[in-house]
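With chain A fixed as given, assemble chain B onto it according to the hints.
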Amino acid sequence: MANVISDETIEYVGILAKLELSGEEKEKAKKDMESMLDYVDKLNELDTEGVEPMSHVFKVNNVFREDVVTNEDTHELILKNAPQQKENQFKVPKTFD
Amino acid sequence: MEKEYETVIGLEVHVELATKTKIFCSCSTEFGGAPNTHTCPVCTGMPGSLPVLNRQVVEYAIAVGLATNCDITQYCKFDRKNYFYPDNPQNYQISQLYLPICRNGHVEIEVNGSKKNVGIHEIHMEEDAGKLIHDEWEDCTLVDYNRSGVPLIEIVSEPDMRNAEEVIAYLEKLRTTIQYLGASDCKLQEGSMRADVNLSVREVGSDKFGTRTEMKNLNSFKAIARAIKGERERQIELIEEGKKVVQETRRWDDNKEYSYAMRSKEDAQDYRYFPEPDLVPIFIDSDWLKRVKAAQPELREEKLLRYEKEYDIPRDDALIITESRKMADIFEETTKLCGDAKKTANWLIGETMRLVKENEMDVADISFSPENLAKLIKIVSKGEINNIVAKEVFEEIFKNDIDPEKYVEEKGLKSVNDEGTLKEVIQKIVDENPKSVEDYKNGKKKAIGFLVGQTMKAMKGKADPAAVNKILGEILNAV
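Protein chains in written order, with full-length UniProt numbering: chain A, 1 to 97; chain B, 1 to 479.
Next comes chain A alone, as it looks inside the complex:
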């Protein structure tokens, strides 16, 4: 494999993804990422000179909604998704602010 993911990189990606990985999981993730990057290298062999970057697979533009309120108050249903709730709000661990 051409690409090598360092311990620092996998540590950093873990922090960004808020994941705590065991030593074994880190090694597995490193291998996965390396093969993904190798695949990207393969794609990079293509000559894309003069080709506009594509952001979407379909040739469709301008899909809009009109500005009309149609949603009703469904807070009871929505709050069923909260692991914990209090006074109709989602209850989460304390944030810094």
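Treat the hints loosely; a few may be bogus.
Negatives, chain B to chain A, calculated, CB over 12 Å [unchecked claim]:
1. Lys3
2. Lys20
3. Arg55
4. Ala67
5. Arg202
6. Arg272
7. Glu419
8. Asp464
9. Leu476
Under the rule of at most 30 Å between Cα atoms (straight-line distance), these lysine-lysine pairs were calculated in the DSS-like manner [to be verified]:
10. B:Lys326 <-> B:Lys309
11. A:Lys91 <-> B:Lys20
12. B:Lys81 <-> A:Lys31
13. A:Lys59 <-> B:Lys293
Since the hints were derived computationally from the structure, they do not count as laboratory data. Backbone N, C-alpha and C define an ideal beta-carbon position, used for all residues, glycine too.
For chain B alone, kept in the frame of chain A given last:
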């Protein structure tokens, strides 16, 4: 010799757009609803839900871009900004990084009589986050997602400002322009307009920028002015001590008048933006642009010029009237109905502004109709009521939008201009006050004021002062 420093300031201004629904779902954007009553699977980030863009958001963004001399990016799209925080249920914010809808604009500001352009780097569309409330009892955080997905535009300026006065002039300019467009109410206190200040200092004459910090939590013009002063001093102190300014986000505490670093170093600012796959690109063709341009209302600068020319209103008065579109609309409508621009201007600048201040209101909340103010101006001009009564009637118009003609009729407030009645009353006052008459005869011209006052009192304020003065003069001179 002591070194002289220059402050370099750029602003990131977030504005909540005045749409009825959120940017990507049909939930209401109404402010102040009970927690989570304006939410759905889209704005709470439920797996499998898909965003659909609100057309009105694009319309408002284009309108603001055109009014601030920006180039509109005809082919633009959204990007995903990834970060974990409970105010953001998707774990990403849909925003624009690579192709923001507006770029390369500017607005003109005026400080102490000198004009200057402040560049606008870009304006992009994005979604607002939910509201976090700290729960003291359980030492946890509660989240209300009513604000999650409310449409925002972020206006990023160039680092073109050098002091707090310029910053405030720039913010006021943006606020008036956006209010005129009807794109937002721009209330700093309620958070529908929020400004982050990027500030660095450098030695005067240097052409390199110093290291900048970003300050958040500024919710009034006064707080912004204090924060700029405080942060400038903090940075100069660091430099003078031979220390380095660290590029970081700081939170301004307006009570302590000091800013505090907000994010720790371990908390990496790496947003890993990528094109938003759930939304298709936006193509703004020239027809669409033309349509928005044509619908653009007359903005403040144009009104100022027209008011001086068309209505012969002094610039200082025109500045007060055009400060908000609401006031300007009332002025134009009333003038059209009563045909007297000067009197309309006087009522608005004088009594209306006095009552707005007295009631601690916002001009936008004025609710009387131009029809009733126009009627009042007409009946005063006809001499049907005098100025004192008119002010009382106006207070009723201001408060309850009453019809002044009916009100004057019902309350019997019409001036008595019938000479016979007036003469009778005045003669009686003159007879009852021989001392004042004597004073007047002896050259104390002021004594006439007392007699006018007594007459007005006897008439319960309903006499025309000009007529009273005239008749009183005649009677006194005949004594």
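Quick rundown of the hints versus the structure:
Distance to chain A confirms Lys3 (chain B) as a non-interface residue, since its nearest Cβ pair spans about 36 Å, more than 12 Å. The non-interface label for Lys20 (chain B) is inconsistent with chain A: the shortest C-beta to C-beta separation is roughly 5 Å, within 12 Å. Its closest Cβ contact with chain A, about 4 Å, brings Arg55 (chain B) to no more than 12 Å, contrary to its assignment away from the interface. For Ala67 (chain B), the shortest C-beta to C-beta distance to chain A comes to about 20 Å, beyond the 12 Å cut-off, and the non-interface label holds.
Taking the minimum C-beta to C-beta distance to chain A, about 31 Å, the non-interface status of Arg202 (chain B) holds against the 12 Å cut. A beta-carbon of chain A comes within 12 Å of the beta-carbon of Arg272 (chain B); the shortest separation is about 7 Å. Taking the minimum C-beta to C-beta distance to chain A, about 63 Å, the non-interface status of Glu419 (chain B) holds against the 12 Å cut. With a least CB separation of 54 Å from chain A, Asp464 (chain B) remains clear of the 12 Å interface cut-off, as annotated.
Residue placement check: Leu476 (chain B) keeps its beta carbon more than 12 Å from all beta carbons of chain A (closest about 70 Å). Restraint check: the Cα-Cα separation between Lys326 (chain B) and Lys309 (chain B) comes to about 21 Å, which is no more than 30 Å; the hinted pair holds. Only pairs whose Cα atoms come within 30 Å are accepted, and Lys91 (chain A) paired with Lys20 (chain B) is accepted, the gap being roughly 28 Å. For a cut-off of 30 Å, the pair hint linking Lys81 (chain B) to Lys31 (chain A) stands: about 26 Å separates their Cα positions.
The suggested pairing of Lys59 (chain A) with Lys293 (chain B) holds, with an alpha-carbon distance near 28 Å, which does not exceed 30 Å.
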